[in-house]
Amino acid sequence: MVLLIKDEYPEKLFQENGKRLDGRDKKELRPIKMEVDILKNADGSAYIEWGNNKIFAAVFGPREVHPHHLSKPDRGVLRVFYRMATYSVFDRKRPAPGRREKEISMIIADCLEPVLFLELYPGTAFEIFIEVIDADGGTRCASTTVASLALADAGIPMKSLVTALAVGKIDGELVVDLSGIEDKAGEADLPIAITWFNDEISLLQFDGDMDLAELDTVLKDAKEAAEKIYEIQVNTLKDKYISIQKNIENEKGGED
Amino acid sequence: MMDVKRVISTIERKYIKNNLKKEERFDGRGLWDYREFKITPNFVASAEGSADVSLGETRIITGLKYDIGTPFPDLPDEGVCTIMAELIPLASPLFERGPPDEQSIELARVVDRGIRHADCVQTKKLCIEAEKAVYILFVDMYVINYEGNLIDCGGVSALTTLISAQLPEGKWNGEDVEWTGGYFTGKDIVNELPLVITYGKIDDIIFLDPDLPEELVCDGRISISSTEEKITSIQKSGIATFSFDEIKMLCNKSLEIGKKLRKDLNLWQYKANNE
Numbered sequence: 001m002v003l004l005i006k007d008e009y010p011e012k013l014f015q016e017n018g019k020r021l022d023g024r025d026k027k028e029l030r031p032i033k034m035e036v037d038i039l040k041n042a043d044g045s046a047y048i049e050w051g052n053n054k055i056f057a058a059v060f061g062p063r064e065v066h067p068h069h070l071s072k073p074d075r076g077v078l079r080v081f082y083r084m085a086t087y088s089v090f091d092r093k094r095p096a097p098g099r100r101e102k103e104i105s106m107i108i109a110d111c112l113e114p115v116l117f118l119e120l121y122p123g124t125a126f127e128i129f130i131e132v133i134d135a136d137g138g139t140r141c142a143s144t145t146v147a148s149l150a151l152a153d154a155g156i157p158m159k160s161l162v163t164a165l166a167v168g169k170i171d172g173e174l175v176v177d178l179s180g181i182e183d184k185a186g187e188a189d190l191p192i193a194i195t196w197f198n199d200e201i202s203l204l205q206f207d208g209d210m211d212l213a214e215l216d217t218v219l220k221d222a223k224e225a226a227e228k229i230y231e232i233q234v235n236t237l238k239d240k241y242i243s244i245q246k247n248i249e250n251e252k253g254g255e256d
Numbered sequence: 001m002m003d004v005k006r007v008i009s010t011i012e013r014k015y016i017k018n019n020l021k022k023e024e025r026f027d028g029r030g031l032w033d034y035r036e037f038k039i040t041p042n043f044v045a046s047a048e049g050s051a052d053v054s055l056g057e058t059r060i061i062t063g064l065k066y067d068i069g070t071p072f073p074d075l076p077d078e079g080v081c082t083i084m085a086e087l088i089p090l091a092s093p094l095f096e097r098g099p100p101d102e103q104s105i106e107l108a109r110v111v112d113r114g115i116r117h118a119d120c121v122q123t124k125k126l127c128i129e130a131e132k133a134v135y136i137l138f139v140d141m142y143v144i145n146y147e148g149n150l151i152d153c154g155g156v157s158a159l160t161t162l163i164s165a166q167l168p169e170g171k172w173n174g175e176d177v178e179w180t181g182g183y184f185t186g187k188d189i190v191n192e193l194p195l196v197i198t199y200g201k202i203d204d205i206i207f208l209d210p211d212l213p214e215e216l217v218c219d220g221r222i223s224i225s226s227t228e229e230k231i232t233s234i235q236k237s238g239i240a241t242f243s244f245d246e247i248k249m250l251c252n253k254s255l256e257i258g259k260k261l262r263k264d265l266n267l268w269q270y271k272a273n274n275e
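Residue numbers (the numbering used here), protein chains in the order written: chain U, 1 to 256; chain A, 1 to 275.
Rather than coming from a laboratory, the hints here were simulated on the basis of the structure. Think of the CB as a built atom: it goes at the ideal place given N, C-alpha and C, for glycine as much as any other residue.
To be clear about the criterion: a stretch of chain A counts as covered by chain U if any three or more of its residues have a C-beta under 8 angstroms from a C-beta of chain U, and this derived list gives those stretches:
hint : segment
1    : 45–56
2    : 83–94
3    : 135–149
Taking the hints into account, I'd like the entire structure generated from these sequences.
Next up, the structure:
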């Protein structure tokens, strides 16, 4: 293991052979691993390893709203708390939540709300706690993806899952799924989330510069890549129910 | 699914108590048995050292970050090692958002005192130049799942984190710190392996490693840190009172249990390879 001493950016983000620094092609995702029902105390939970990102999400609700004045008489409220562990980043983060974390919490809440039927739960709150244990670029997208999985794990009625990822431009080339270093040293970064029930975009931020043709291409690439991630999400949920089914069958087998 | 309650019913309280009297517990353990420890070192790539430790269902992920700072004026040639704990609401509906509360401060302080007073971290080795520059280590514990006895889980977690640490080596060039390009590891700074062992008490029954229902029912707890030969720190919490004989018995017990646990966990296997 080689430790970085200074937060240095490399001059080039592509290797001689045209691959990216971590050996990926332009449209290749980092390895993604997801798990659900990982935290026993939550109503629903999920965990994701996306490249070097390691993120937990826990869902509680529907439950009472604290503080009470935030409750709405005609619908439920969705509250998201995105937090990063102090040791998840290069320079130790201060323990108290900063402006960045509060903004991202709001962005994720706005992004997930369209898939929920909050009007069915007046006066209650759904709370999603997201803890980034290890960060390496694209944590808001990974958090959104894992939070939607935790909501599904909690058995909360949803129109569909939500999948998010970052696309962008590095060294003049369009790529999907920016790593930490590509995010910092690249030219453009565009986090995007897709709600699958209507195939629309529910989270979109953009920093950098691109012309209209590039933007068009990169959005198409994003959709393609998101479909791959969506498949992993669905399979993760399926696997949980398959394993429950197997457990039941084994128990029955034991009785006979 | 969500089965954590703030209030334990009288019936459940009686049930737990009567079981303990018969030396029986919910999960089949004896009075002096630990739940199983599971340790994964170097869980976090961004941290200089880290550990993911589970004690039964209780799970704590700890990471170490460092900074270079000026030493305290009364200890000019010693580095600093601080321990912090966060009880995040993700871990249990019993935890609330906001700044650290009493419980998380107690957890951090008990673990810290166990490590500090055992001469575990050799702070003199964290000094780059007396009065000018020393390492400041931040050991931050995040509780991921709460099922009782955070203190013992946190103690092992903090210790494994320190052992697995790998830090860049700095040298004083007269004005500033210069990186030599080399590294030093947990093996160079960790001296002793203090383990903190927690007992719960209900009426006159004392038992090791309370799980969550037991922790919510019990009158009080006592946490005893010990190294191979010595008791290094004690914390009594809750409203229970302990007799002199009980304290003596528990101190002896702690040395004995500590010895066995130290052997079973074999924490040195998690040291960083300095290649």
